[in-house]
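Sequence order for the protein chains is A and B. Positions 1 to 645 (my numbering) are the ones given, in order, by the first sequence. Positions 646 to 776 (my numbering) are the ones given, in order, by the second sequence.
For the record, the hints were derived by calculation from the structure and aren't laboratory data. Check before you lean on any hint, since a few could be wrong.
Below 25 angstroms or equal to it, Euclidean Cα-Cα: the simulated SDA-like pairs (lysine to any residue) are [stated by the list, open to error]: (1) Lys362(A) with Asn613(A); (2) Lys211(A) with Arg748(B); (3) Lys573(A) with Gln601(A); (4) Lys731(B) with Gly530(A); (5) Lys172(A) with Gln774(B); (6) Lys690(B) with Arg506(A); (7) Lys554(A) with Asn613(A); (8) Lys44(A) with Thr729(B); (9) Lys500(A) with Trp715(B); (10) Lys52(A) with Asp102(A); (11) Lys172(A) with Lys731(B); (12) Lys559(A) with Lys500(A); (13) Lys317(A) with Asp415(A); (14) Lys172(A) with Arg694(B); (15) Lys127(A) with Lys767(B); (16) Lys46(A) with Arg725(B); (17) Lys243(A) with Asp728(B); (18) Lys740(B) with Gln601(A); (19) Lys219(A) with Thr241(A); (20) Lys554(A) with Thr743(B); (21) Lys573(A) with Asn613(A); (22) Lys408(A) with Asn162(A); (23) Lys446(A) with Glu508(A); (24) Lys172(A) with Gly199(A); (25) Lys127(A) with Arg694(B); (26) Lys172(A) with Lys740(B); (27) Lys127(A) with Thr743(B); (28) Lys219(A) with Lys690(B); (29) Lys210(A) with Arg681(B); (30) Lys408(A) with Pro349(A); (31) Lys127(A) with Ala674(B); (32) Lys554(A) with Lys573(A); (33) Lys119(A) with Lys210(A); (34) Lys219(A) with Glu208(A); (35) Lys46(A) with Lys119(A); (36) Lys73(A) with Thr241(A); (37) Lys476(A) with Glu508(A).
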Amino acid sequence: MKNSYRMAIVTTAAALSAVLLMAAVPALGQAPAPAKAGDTADDKAKAAAKAKRIAEQFEANARVLTVFDREGKTVAEVGERAIYNQPVFSPDRTRVAVIKTDLEAETADLWVIDVGTGKSTRITSSKSREPAQAPVWSPDGKQIAYVALRDSYLTAFRRFSNGEGAEELLYKHPGGNFLLTDWSADGRYLIYSSTDLGGGALYALPLEEKKPMELFRSKFQVLGARISPDNRFIAYRSNETGKNEIFVRSFDPAGAASPAASAGQWQVSNNEGGLGLIFWRADGTELYYMGADRGIKSVSVSTAPAFEFGTPRTLFKLPDAIPVTGTPGGLGNIARDGQRVVFVVPPAPRLQQITVVDRQGKTVRTVGEPGLYGQPALSPDGTRLAVVRNDRDRGNTDIWVFDMATGKGTPVTNDMPPDFGPMWSPDGSQVFYTSLRGNYQGIYRKAWNGTGSEELLFQYTPGAGINLTDVSPDGKFVTFSSGGVVNVVALTGTDPLTRKAIEFSREEFDTLQGRFSPDGRFLAYGSNEGDPEKVQVYVRPFDASTGAAAATGKWQVSKDGANGMLYWRADGKEMFWLHLDMESGDALVMAADISTAPAFQPGTPRLLFRLTNARQTMNGPGSISRDGQRFVFTMMNVPAGTPAK
Amino acid sequence: MRHRFSACVALTVMLLVAGSAWAHHNMSALFDFNQRFTRTGTLTKFDWRNPHIGLSVDAKSDQGQVETWWFEGPAPGFFRTRDTTKSDFENATGKTVTVEASRARDGSLSGLIRIITLPGGKVVSLCPQNC
């Protein structure tokens with residue numbers, strides 16, 4: 001099932017990245033807007049801060065348009081670094097159509113870049129938030145079709161690939177999820193897919209009639225479809241077997257509505273997963289796709305008289321820097337002669353080192369080997385650390401527990417669905433976590449050493465995300481954030497599907513990251529109620545009889561902002577949080593004394609220590625030991641990039 | 646607009662790996678994006694809370710009967726990025742609004758807002774999120 005969860009991984013990775021990536025120095029292609037006459041000092045400061053963040057974001061996300069040969073050797077880097085997506089070779093592979101994002105203008109436009117010279121030609125000039133996407137070339141390379149959001153409609157256009165002439169409106173899609181995936185070799189059809197939680201459908205849009213024809217519909221995803229050069233078959237990605245694989249079926253627009261249209265379907269990938277990036281060689285003898293092992297696969301095929309195919313073989317494995325995405329073809333493309341592969345290659349990821357610091361911010365020790373870690377959570381006795389660990393070779397995102405003394409790691413989960421948000425049971429015997437299964441995200445728990453079966457505790461509404469943030473001291477409640485609402489779930493009864501989320505705080509403003517006080521009488525959480533731009537730590541009484549907030553009582557604890565890592569000291573007399581200073585980029589670990597008797601009373605916040613340049617060095621907030629003496633972070637300091645292999 | 650990035654960073658940092666948007670739900674599960682319709686009527690009340698705002702609009706059906714429609718939109722924070730606030734809807738209450746929406750899959754009188762036109766003529770597009 002792993003591959004069907006790639007998007008979630010990517011989403012999570014993106015969120016993790018965004019934590020630290022939005023930020024640094026004006027960079028190529030992203031000059032900040034100049035200050036205007038009449039701007040106040042405050043305006044200028046804010047503009048400068050925004051420019052800095054955009055520049056940092058650019059630096060972290062800019063990609064190099066890179067051309068590989070069939071063996072994975074880099075043969076060319078094309079044009080300047082930019083935030084590129086969806087590169088597509090022209091039929092003769094002398095040019096690449098690519099979507100380029102402008103962070104300052106908040107636009108995404110289609111460009112054509114000459115592979116030999118790097119010269120670029122702008123094809124679209126979209127408005128902010130009306131991105132262009134999904135380019136496909138006409139068979140003769142003279143035109144490009146693409147989708148752009150215009151006046152709330154996802155609309156297909158085509159335009160000459162040299163940028164001349166006006167764009168021609170081809171089709172105004174009434175719904176969402178409209179992705180062009182191919183232009184048939186006979187030039188007659190555009191192929192597009194539309195996939196959501198309800199499943200997917202594949203369509204052909206005849207360029208003469210311009211009236212879409214549904215080729216087939218499935219309760220599973222249908223993505224990345226491409227037509228064979230003889231226009232008789234169509235290859236696509238589907239998760240109908242439980243994981244993403246590559247399939248081929250007959251392409252017959254004339255008989256699309258007939259039962260014959262669904263007759264004949266072959267799974268080309270060999271049960272090891274196919275992520276997409278599906279392309280036919282122009283002579284129809286090979287079909288390519290990207291495997292779950294990051295390999296570019298080649299399958300010998302023939303389409304006459306019938307479809308036949310061989311065993312997939314790996315041409316080469318992609319560099320580690322290229323993330324495994326859920327959108328087929330989102331980052332790469334294979335030329336029609338099968339001799340070149342183009343990818344937009346992002347900066348190499350950096351591994352993280354689990355690092356323990358004291359109350360002064362001094363490094364005490366490191367734990368385990370460098371890896372891709374996130375969301376550390378110390379066990380109640382501080383001897384173990386649960387983290388999210390990503391295995392880039394297999395693509396799995398699992399929960400691991402590391403022994404703090406020996407660094408020995410033990411997988412808690414070892415499965416294809418990505419698992420997040422580890423939290424410890426009060427007695428330290430179990431780890432709670434979230435996982436996406438099908439369309440549902442749920443909260444699970446399992447023994448910390450990975451033995452035994454996992455137990456589903458709660459399942460949320462379809463498609464909605466869960467950010468598990470704490471388990472109550474008595475183990476009777478969990479709390480999670482979703483959509484700016486702090487929720488509590490009482491772990492009562494035996495049927496997890498009957499448990500309901502109780503809204504602890506559902507407001508106009510955003511509330512998140514609930515944390516139970518050690519005595520279970522209060523819940524701390526973050527909220528931007530005072531200033532939409534700034535989250536602060538608040539505390540409200542928790543009513544265990546209802547799972548909701550008590551009718552009265554609310555206290556603000558932080559003053560200058562909080563960006564996570566809310567913790568209570570075990571005796572309930574101190575609270576901690578992390579504040580990311582937007583100007584300096586430093587993370588400030590803050591604390592405040594707390595008294596709860598006779599009434600809740602927060603003390604004045606104070607700085608414990610500062611972690612400089614946090615966006616570049618920290619992979620998100622850390623964890624704090626219950627005695628408040630040790631702070632654990634996943635520090636990014638180890639380059640992980642590797643060449644193609 | 647100019648505050649969006651810092652707000653985004655602040656919330657993202659805090660959310661860390663959070664999920665997103667009500668009981669909280671996925672919009673495509675409840676609304677059919679292929680079924681667009683438009684209603685013009687009186688905004689009678691609204692719910693301005695996370696994870697999705699809601700508007701109650703009394704509008705005449707094609708047969709001339711007044712129907713009460715419930716329209717959902719994204720979180721209040723989304724509107725902030727469109728320079729639209731709660732006060733815009735407070736001022737619009739009791740006045741005529743036009744809503745272009747995607748129809749609920751269950752056939753109820755509800756929809757997911759794509760574009761709303763406020764009484765003063767201000768047009769707020771909820772795309773690309775709801776499109």
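Each hint tested on the structure:
1. Lys362(A) with Asn613(A): 16 angstroms, holds
2. Lys211(A) with Arg748(B): 22 angstroms, holds
3. Lys573(A) with Gln601(A): Holds, at about 10 angstroms.
4. Lys731(B) with Gly530(A): Cα-Cα ~15 angstroms, so holds.
5. Lys172(A) with Gln774(B): The given pair, whose Cα atoms are some 17 angstroms apart, holds under the 25 angstroms limit.
6. Lys690(B) with Arg506(A): 18 angstroms, holds
7. Lys554(A) with Asn613(A): 33 angstroms, violated
8. Lys44(A) with Thr729(B): 23 angstroms, holds
9. Lys500(A) with Trp715(B): 24 angstroms, holds
10. Lys52(A) with Asp102(A): 15 angstroms, holds
11. Lys172(A) with Lys731(B): Not OK: lysine 172(A) and lysine 731(B) at ~32 angstroms, beyond 25 angstroms, violated.
12. Lys559(A) with Lys500(A): 34 angstroms, violated
13. Lys317(A) with Asp415(A): 23 angstroms, holds
14. Lys172(A) with Arg694(B): Since the Cα atoms of lysine 172(A) and arginine 694(B) sit roughly 33 angstroms apart, the hinted pair is violated (cutoff 25 angstroms).
15. Lys127(A) with Lys767(B): Given pair lysine 127(A), lysine 767(B) holds - Cα atoms ~18 angstroms apart, limit 25 angstroms.
16. Lys46(A) with Arg725(B): The hint holds at about 17 angstroms.
17. Lys243(A) with Asp728(B): 42 angstroms, violated
18. Lys740(B) with Gln601(A): Judged against 25 angstroms, a Cα distance of about 46 angstroms means the pair is violated.
19. Lys219(A) with Thr241(A): Between lysine 219(A) and threonine 241(A) the Cα gap is close to 12 angstroms, so the pair holds against 25 angstroms.
20. Lys554(A) with Thr743(B): It is violated: about 39 angstroms lies between the C-alpha atoms, which goes past 25 angstroms.
21. Lys573(A) with Asn613(A): Distance of about 30 angstroms is beyond 25 angstroms: violated.
22. Lys408(A) with Asn162(A): 58 angstroms, violated
23. Lys446(A) with Glu508(A): Given that 25 angstroms is the threshold and the Cα spacing comes to 36 angstroms, the pair is violated.
24. Lys172(A) with Gly199(A): 21 angstroms, holds
25. Lys127(A) with Arg694(B): 29 angstroms, violated
26. Lys172(A) with Lys740(B): 32 angstroms, violated
27. Lys127(A) with Thr743(B): 23 angstroms, holds
28. Lys219(A) with Lys690(B): Distance of about 37 angstroms is beyond 25 angstroms: violated.
29. Lys210(A) with Arg681(B): Measuring from Cα to Cα gives roughly 20 angstroms; hence the hint holds.
30. Lys408(A) with Pro349(A): 23 angstroms, holds
31. Lys127(A) with Ala674(B): 29 angstroms, violated
32. Lys554(A) with Lys573(A): 17 angstroms, holds
33. Lys119(A) with Lys210(A): 33 angstroms, violated
34. Lys219(A) with Glu208(A): Distance of about 30 angstroms is beyond 25 angstroms: violated.
35. Lys46(A) with Lys119(A): 35 angstroms, violated
36. Lys73(A) with Thr241(A): Violated - the C-alpha atoms of threonine 241(A) and lysine 73(A) are around 34 angstroms apart, more than 25 angstroms.
37. Lys476(A) with Glu508(A): 28 angstroms, violated
Checked against the numbered hints above, the structure violates hints 7, 11, 12, 14, 17, 18, 20, 21, 22, 23, 25, 26, 28, 31, 33, 34, 35, 36, 37; every other hint is satisfied.
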